[in-house]
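Sequence lines, in order, name chains A, B and C.
For the first sequence, my numbering assigns the number 2 to the initial residue and increments by one for each residue that follows.
For the second sequence, my numbering assigns the number 2 to the initial residue and increments by one for each residue that follows.
For the third sequence, my numbering assigns the number 2 to the initial residue and increments by one for each residue that follows.
Fair warning: there could be bad hints in the mix.
As the list makes no split between identical chains, a pair holds if one copy fits it or if it spans any two.
Within a straight-line C-alpha distance of at most 30 Å, the following computed DSBU-like cross-link-like pairs (lysine-lysine) qualify [unchecked claim]: (1) K252 with K323; (2) K220 with K59; (3) K59 with K252; (4) K302 with K133; (5) K252 with K302; (6) K323 with K220; (7) K149 with K59; (8) K149 with K81.
Since the hints were derived computationally from the structure, they do not count as laboratory data.
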Amino acid sequence: AQSNVNVYGLVDMNLGIIDKLSDNAGAAGGNTVRVNSGGMNTSRLGFTGSEDLGGGLKALFQLEMGIAADTGVADTPLFKRQATVGLEGRYGTLLLGRAFTTVYDFVLPYDPMGYAPQYSWAPAGSATGASKYGMTFAFDNLVKYAGKTGNLSYGASYGAGEGSSGGDGAKGAVAVNYAAGPWSAVATYERINGLPDAATGARGATTAWHLGAMYSEGKLKLQAAMRDFRQEVPGSPDLRGTLYWAGSNYKVTPAVTLAGVVYYQDVRHGAQEADPVMVVGRVRYALSRRTDLYVTAAYAKAKHGALAGLARDEAGYGNRQKSVLAGIQHRF
Amino acid sequence: AQSNVNVYGLVDMNLGIIDKLSDNAGAAGGNTVRVNSGGMNTSRLGFTGSEDLGGGLKALFQLEMGIAADTGVADTPLFKRQATVGLEGRYGTLLLGRAFTTVYDFVLPYDPMGYAPQYSWAPAGSATGASKYGMTFAFDNLVKYAGKTGNLSYGASYGAGEGSSGGDGAKGAVAVNYAAGPWSAVATYERINGLPDAATGARGATTAWHLGAMYSEGKLKLQAAMRDFRQEVPGSPDLRGTLYWAGSNYKVTPAVTLAGVVYYQDVRHGAQEADPVMVVGRVRYALSRRTDLYVTAAYAKAKHGALAGLARDEAGYGNRQKSVLAGIQHRF
Amino acid sequence: AQSNVNVYGLVDMNLGIIDKLSDNAGAAGGNTVRVNSGGMNTSRLGFTGSEDLGGGLKALFQLEMGIAADTGVADTPLFKRQATVGLEGRYGTLLLGRAFTTVYDFVLPYDPMGYAPQYSWAPAGSATGASKYGMTFAFDNLVKYAGKTGNLSYGASYGAGEGSSGGDGAKGAVAVNYAAGPWSAVATYERINGLPDAATGARGATTAWHLGAMYSEGKLKLQAAMRDFRQEVPGSPDLRGTLYWAGSNYKVTPAVTLAGVVYYQDVRHGAQEADPVMVVGRVRYALSRRTDLYVTAAYAKAKHGALAGLARDEAGYGNRQKSVLAGIQHRF
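Same shape as in the complex, but just chain A (with noise of 0.2 Å):
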């Protein structure tokens, strides 16, 4: 049975000390021992598959839920993460369905962290207060195409509104990467539609840009990349940040690899800036091609007193925060 569907996923569960969460926020700020799903990455459950239609094309579907496996329950309501059908030829990749954006897809390789929920700022900033200036991570009722072209490969992804106005609530994702040799670069874009204020018809809309720039030699990989966000709210100044992030992997021995990054988010609006920057550190050992185990550390900051989260999904209770955790992470 099953030879059409691929069952796979991971699990990726650690044990860490965090400081100044919510519930000692009016105590001295003491640490806290927790047990995490997804240091690394999202723990996950996913079907897969393809069918071979000839003449070089292939049907494909995909279905992948999130999972937040130190409480067991649903990360993301049910196939949230992935929920797609659509056919791969030579002229790219057309999928139909909710699924990560194009610029989602093409700035991943380019955040030395991969987007881990423990830590990286890469897809959301600091979720102190209004700065958490991010990336719209997928898209509902989404149509996405990717192709490549020699050393150049592009995507769009489309989010229909779905309502009477072409426009509104619709999504849009742009990405263009390129490789030569040992050096890569994407640029990308997306603007997000709000849906027109019932009272004055004025649409608001989030537009973010990323531009990054990769060197990947043998046992290194050097990337840093910047994404200037923008929110426009009708009637009210615009709210701006851009975020930088540069950092690197190094293959120690076959077995160890070491990660670094420096994100730092420039609140381009109001008076008193947060400006909140966060450093990352991790060792990774493979046990195998399908687990390993790891250690990171991490410290954010934010100015003028404001409050700085090392999580994207985790408000800041302080100013600073630092968390050390040690976790395996299993692929299947």
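Following the hints, complete the assembly by docking chains B and C onto the known chain A.
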């Protein structure tokens, strides 16, 4: 691993245009572009298996979920489509759990659209107001039997009401199908008991019966059926409606199949009846045994300014609605 | 595909009669016919796998959901039964995630009904009022270890409270099992810390310990155990109860197994105690290695007019309750 379990399913997605949706009801009724899940069939993922017990007896199980692949969420909670265990032998198949009813199973081959979410009224009529007079798709607390004697197939479903009085909330469905050469015919009956009114103790019920006939020879299949629906509400006149449909499937080439149907709901109570009608046509192009492309066009209208909707799961916002869509279905 | 993942599970359904359910409490207490999921074991679907890391070390993962197959919905949210990753080697097994506790694992073989939802009070007592004094089935944020030295098995579970003070909400469970020839014995202890009262800062806790013994030779297995439960509520007297059970499994023929147990809850606080008792018997007929038919009969009663319920998950509505049911379980 997994020799005992077959993982199966399908993802069906399309891009379509539809007019007069809720969110543009106030406007001139413009068109909306949508990315939809389930054009020909509800996207789904399932797990099934059987075990040979000897003597012609088999144990069976099935777990099947519905997926709204355009947003990645559940179309129905977990395994609400199918969650059964049972035995199959020379005297038929007996299942316990949650599943589609005998009526749903037996009427399905008589619908030229195969209960397509986009669009068939065979399982349930137009979503217009009170006229959504349909079959009951599935029973909780189900005991289902299906058997076959020569050309005669028969089955029955019982859904326990689980109240103190045996009949409250109880559900029953029976059906017979007779096939002779290119001809076949079906007759079904179902009765769904309500719960007693707290004050009067009176209990309503809905009943529905179907009659259908099919001619199937070579490339051509002709199908026609009717459903008589009656909802008994204690102290009020019954709500009654009769749905008629007739259509065809024709295999133009081994890869191309045309389908077309007319559904007509004869509402039989009240003064000014909506009596909605829908015409649906579909071209299906088989890329392989497991992957199809399709184009579907549908038009529905109601009388006396009543609201008509194409989809059985969406309200109507005008007295007519039309849609055209193009999609892909991949089965695994 | 899927060489790394084993898809497994079971569906267990039955048809039963039970008296004195909530919906007929006001009446003379008539019988209700029900279709139930999980007579012998909770219906479930899981994904598991392991990877040989060399040197006797293995990586493991497990994801398991519970299913209420009578309605097709989740018995527990997603993978709340098991969501773990870990390592197994010569020094034992270490898991991180969400899973059953060490106490749950170690006491299970000592219950002749194997924690059957219909019916066992071994994991939790009768649902009657305050006397549902049970073990904690599973921990979130779990670190679990299990090991074995000769005839001695031992294990420990820790569930991080994840509060600022290490102890708030923390959970611990330890157990040892000793086997010698046909005899084996188990001893366990668990402590579940509550959260501090906002006003007083005082923190309650529940503690429970088990002792059990088993004699297993050839066709016969005799099992007896007890649980002492204490709930500390700051400012109030402790709630205390001791559950005793004794029973047997006997293989009449290779296909037919009889099981019988008496559970008795000695409530040890208050003036008029319910002291509920339940007698359960079951005949299991194996159609194959993976499929069983079974008939279960159970009777529970409480003293002093207190309410008694057979099921640990349902309230009682009379001072006695009885049920008989016939079902099928298929494992895959």
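**Asked** Against which earlier hints does the structure fall short, listed by number upward?
**Response** The structure breaks none of the hints.
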